[in-house]
Structures are given as structure tokens and as C-alpha cells.
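*Asks:* Please build the complex by placing chain B on the supplied structure of chain A, with the hints as guidance.
Okay, here's what each chain looks like letter by letter:
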Amino acid sequence: MNVSEMLKAMRFKPQVLVTVKPDELSSAAIQKMADYNKGALPVCNDDGELIGIVTERDILRKCFAREGSFKNKTVNDIMTKKVAIARPDDELDYAIKTMKKEKIRHLPVADGKKIVGILSMRDILGFQYEETRTRIRYMQMFPRRAALGGVATSL
Amino acid sequence: MLTVSDLLSRKGNNTVSVHPDFTVYQALRMMADYDVGALLVIENEKLLGIFSERDYARKVALKGQRENNTLVGSVMVKELTSVAPEDKVEYCMKLITERRIRHLPVLKNDRLVGVISIGDVVKGIIDQQQATINDLESYIAGGYLSRDGLQ
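Respectively, the protein sequence lines represent chains A and B.
Residue numbers 1 to 155, in this note's numbering, belong to the letters of the first sequence in order.
Residue numbers 1 to 151, in this note's numbering, belong to the letters of the second sequence in order.
Bear in mind the hints are in silico, worked out from the structure with no lab data behind them.
A few of these clues could be false.
[As the list claims (entries may be wrong)] Straight-line alpha carbon distances no greater than 30 Å define the calculated BS3-like cross-link-like pairs of lysine-lysine that follow:
id: 1; chain 1: B; residue 1: 88; chain 2: A; residue 2: 114
id: 2; chain 1: B; residue 1: 78; chain 2: A; residue 2: 103
id: 3; chain 1: B; residue 1: 59; chain 2: A; residue 2: 103
id: 4; chain 1: A; residue 1: 114; chain 2: A; residue 2: 101
id: 5; chain 1: B; residue 1: 11; chain 2: A; residue 2: 32
id: 6; chain 1: A; residue 1: 100; chain 2: B; residue 2: 59
id: 7; chain 1: B; residue 1: 59; chain 2: A; residue 2: 62
id: 8; chain 1: A; residue 1: 81; chain 2: B; residue 2: 63
id: 9; chain 1: B; residue 1: 123; chain 2: A; residue 2: 21
id: 10; chain 1: B; residue 1: 78; chain 2: A; residue 2: 81
id: 11; chain 1: B; residue 1: 123; chain 2: A; residue 2: 81
id: 12; chain 1: A; residue 1: 38; chain 2: B; residue 2: 11
id: 13; chain 1: A; residue 1: 73; chain 2: B; residue 2: 63
id: 14; chain 1: B; residue 1: 59; chain 2: A; residue 2: 32
id: 15; chain 1: B; residue 1: 94; chain 2: A; residue 2: 8
id: 16; chain 1: A; residue 1: 32; chain 2: B; residue 2: 88
id: 17; chain 1: A; residue 1: 100; chain 2: B; residue 2: 94
Just chain A, same shape as in the assembly (with noise of 0.2 Å):
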């Protein structure tokens, strides 16, 4: 399964992809994050062009460094601009080991330079649970094909 079939697979959940400008300031940030219920946002450009991240890491981290300064600060200013990306095509289980290596829990999906979604870690815990869940209730079906006499063990 790749990143492109998992958030075709999520439009059960209704997503609505949320970003935010550069020159925004960073206080809007936190206040489209709250609203939507988000944990990051993708930073674009005005061609809708993945530019960096800003997460609640960011703010904590960067933020309170000069305590009341971060009302001024824009989204330039604290987002992460090395982000790291998944491609549609690329497989999920690479999209979950770079949010582990990465120490992130959000990885945009980008076409190119232009932003197609984002997955967060939650979305893939939920997704790949069930995934598993049914493929092993399926295998479990199977009869064992070499018979040894006696033996029916269930799991």
C-alpha cells in the first residue's frame, strides 16, 4: 500500500488540507491549529508550493525562547524549512519509518513542489490497525495445505 492509495482510502474521514503562508503571523498559526484540530501545518507559498512546517513542537521549542516575543514572530520565522516529505507513490511502511528516524509525526505528501496532503502518525495507526486486523482474520481461514495427521491446532 502506498501513501497515495492510504489518503484516498482516509476520504472516510473528511479531510480538509490546512496550511498556512509564510508571512502569516505565527499566533494565526496556533490559532488555525486549534481550530481545526491540527497538530502541524504545511507552509505554502502562493503557488500552493511546499515551502516548510510549523508544528506545536516548533512553537514550544522556539517560541518561549524570548518569553512574549513569539506574538511578533511569523511563520517564516519558526517553521522547520528542511521538511521531510513523502512522495504518493512511495510506500507507507517508508512513510512510517521516516516519521520514526525523523522523530516527526506529520510527513506532507508532496507532487513535485506542490502539496497534494498530509499524514500524520495517528492516521497511519488507526489505517494500518485495521489493515491488519482483516488480513490476519483472512489468513486465518486458510486450512493448512500440507494435512499432518491428527494435528488441528486454531489460533
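*Replies:* Leaving out everything else, chain B in the frame of chain A:
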């Protein structure tokens, strides 16, 4: 079936905690120093609540509260969702997804013995999934079902 205590044995049972009278500023410093996304709030060895990055963003930063004047005890989440060591990992997944939380304190007889994060659960599920599928594939191919794979 993977349990919470299996996850803890892989990651350890260290927890990072603060007193409710810590300021938010001190809490943020600790989160940065320990590179964690949430702190357990403990007083007299009793777990009172949890304070996460999200709580900071929505209750302090967004509301224009000052980090030096706000105490963790006033912005922490008191309605805790916790798990026990014998709980199954699937149960953790259910809680994380449905309640939209990222950290689960682990309590054994009301005593804090560790904390499980969404990242710990994802890693555990993936490891378990792979092991189970390996086992089942060898079972279908005619081998004996065992923990160690094809015999």
C-alpha cells in the same frame, strides 16, 4: 498479543515529571531538555495530570498567558487516560485514536510505572504485525506454527 508491559520493556520505564507548582516556563525547558512532548504532573508521589505541547499551544500561547506567571497545575489535563501493564496494545491504539491523545501513563495499582507514547505504539504494532505475518505465512506453507518461525 503485545501488551503495554512488552512496550515498556523495550523503551524503559523512565518518566519525566514535574510538580504542579512549576511554572510553564520551567516545564517547557524540561520538555526541550528531555526532548519529550509531555510531562507527567506529580505531587507527593500521586499522578495529578499531564501537560503536553498541545496544552501549551492552546491554553498558554494562544491565550496570551505568560509562561513565567502560569503554573503547570492550572493548565494541565486532570482527566487522565491511563493504561495498566497487562492491557493490550490494541487497546492503547483505540484510546489514542478515539481520544486524540498521544501519551498514556501506565499505572500499576495506582503507581506510575512508565508512560507509552503514540510513537511507542506504532513501533510495537509494526514489529508485532511483521512477526505475526511471518508466522502465519509459514503456517500456511505447511510448517509448524511457532514463535520462532518455520521449524
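*Asks:* Would you mind marking each hint as holding or not holding in the structure?
*Replies:* Verification of the supplied hints:
{"no.": "1", "hint": "B:88 / A:114", "result": "violated, 40 Å"}
{"no.": "2", "hint": "B:78 / A:103", "result": "holds, 27 Å"}
{"no.": "3", "hint": "B:59 / A:103", "result": "holds, 24 Å"}
{"no.": "4", "hint": "A:114 / A:101", "result": "holds, 24 Å"}
{"no.": "5", "hint": "B:11 / A:32", "result": "violated, 34 Å"}
{"no.": "6", "hint": "A:100 / B:59", "result": "holds, 28 Å"}
{"no.": "7", "hint": "B:59 / A:62", "result": "holds, 17 Å"}
{"no.": "8", "hint": "A:81 / B:63", "result": "holds, 26 Å"}
{"no.": "9", "hint": "B:123 / A:21", "result": "violated, 33 Å"}
{"no.": "10", "hint": "B:78 / A:81", "result": "violated, 35 Å"}
{"no.": "11", "hint": "B:123 / A:81", "result": "holds, 27 Å"}
{"no.": "12", "hint": "A:38 / B:11", "result": "holds, 27 Å"}
{"no.": "13", "hint": "A:73 / B:63", "result": "holds, 16 Å"}
{"no.": "14", "hint": "B:59 / A:32", "result": "holds, 14 Å"}
{"no.": "15", "hint": "B:94 / A:8", "result": "holds, 22 Å"}
{"no.": "16", "hint": "A:32 / B:88", "result": "violated, 35 Å"}
{"no.": "17", "hint": "A:100 / B:94", "result": "holds, 20 Å"}
Going through the hint list in order, the structure does not satisfy hints 1, 5, 9, 10, 16.
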